[in-house]
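Q: Next come the chains, spelled out residue by residue.
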Amino acid sequence: MQISARRLENITIFDVIGDIDLANSPAVRKALLSEIKEKKIPRVIMNLQGVKYIDSSGIASLVEGLKASRDAQARFILFGLSKSAREVLQLSRLLKLFEIYENEEQALSNERA
Amino acid sequence: MARRQLLLRLQLQSNPEVLCGVRGAISPIAAAIGFNEDDCRAITLALDEAITNVIRHAYGGKLGRNIEIQFNKLNGAGGEKPALEIVLLDRGAKPKPGAFKGLPPGELRSGGLGLHFMRQSMDKVVHTRAGSANRLRLVKFIR
Numbered sequence: 001m002q003i004s005a006r007r008l009e010n011i012t013i014f015d016v017i018g019d020i021d022l023a024n025s026p027a028v029r030k031a032l033l034s035e036i037k038e039k040k041i042p043r044v045i046m047n048l049q050g051v052k053y054i055d056s057s058g059i060a061s062l063v064e065g066l067k068a069s070r071d072a073q074a075r076f077i078l079f080g081l082s083k084s085a086r087e088v089l090q091l092s093r094l095l096k097l098f099e100i101y102e103n104e105e106q107a108l109s110n111e112r113a
Numbered sequence: 001m002a003r004r005q006l007l008l009r010l011q012l013q014s015n016p017e018v019l020c021g022v023r024g025a026i027s028p029i030a031a032a033i034g035f036n037e038d039d040c041r042a043i044t045l046a047l048d049e050a051i052t053n054v055i056r057h058a059y060g061g062k063l064g065r066n067i068e069i070q071f072n073k074l075n076g077a078g079g080e081k082p083a084l085e086i087v088l089l090d091r092g093a094k095p096k097p098g099a100f101k102g103l104p105p106g107e108l109r110s111g112g113l114g115l116h117f118m119r120q121s122m123d124k125v126v127h128t129r130a131g132s133a134n135r136l137r138l139v140k141f142i143r
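Just so you know, the sequences run in chain order X and W. Going by our numbering, the first residue of the first sequence is number 1, and it counts up by one from there. Going by our numbering, the first residue of the second sequence is number 1, and it counts up by one from there.
Pulled out of the complex, with its shape left as it was, chain X reads as follows (with noise of 0.2 Å):
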């Protein structure tokens, strides 16, 4: 898995490419809290269009981050989810409390769904 982050103005957009398992969810995690909980930032994005398979880990990872910016009063967004990575949050049934768009220009609309 490769995680890269882009920073526009106040808003970090994180690039995942690759599985999301118990061997990387900790580097998602510490890559999401940095963002939100250290440096602030009000608004983190991850690109998720890249990521084919994720994982009750990878899942946590994820509820951290969402934990984390509603502390922060942060937006914490997700776009481009497969079909698998859907199917999971949807098994866990935090499918509608993570705020989630179609595309990377929907995400940054400052318009709410």
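Hints may be right or wrong, so weigh each one.
So, partial list: chain W residues that the calculated Cβ filter (under 10 Å) puts toward chain X [said to hold, decoys possible]:
id: 1; residue: L45
id: 2; residue: E68
id: 3; residue: E107
Source of the hints: derived by calculation from the structure; they are not laboratory data. Here the structure is a predicted model, which means the values were calculated and not measured. We treat Cβ as the ideally placed atom computed from N, Cα and C, and that holds for glycine.
Fit chain W to the given chain X structure using the hints.
A: For chain W alone, coordinates are given in the frame of chain X:
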């Protein structure tokens, strides 16, 4: 025909880096014995979660401990449908009381989803402790 037909036996070391390879192995096997694409994804998720649980809980995150996995095709004797049976064996810690009770999904909690995913993905999820070994049996019927 034998009721249980061994398809594959894997001897793994507890290491999160093996997960990717195991996922890559199971999906074609499941497809070859008749599972559709959705079921193959479900089986892959269940197996990933089962190995993750062994690494995290039975072995406490320690690397290099043995995990044996057997993949069997059950040929449907005794009125049961044909199925894939996956058996994981480890010599890690005994699960804490209530560990296989599971936690409700849908809550903002960063843990406890693995067992829920296994149960949602498979028809049977049965853990037994025999001596110093854990045995987890996952079964999914071929529809």
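Q: Confirm or reject each hint.
A: Status of the hints after comparison with the structure:
no., hint, verdict
1, L45, "holds, 7 Å"
2, E68, "violated, 19 Å"
3, E107, "holds, 8 Å"
Checked against the numbered hints given earlier, the structure breaks only hint 2 and satisfies all the rest.
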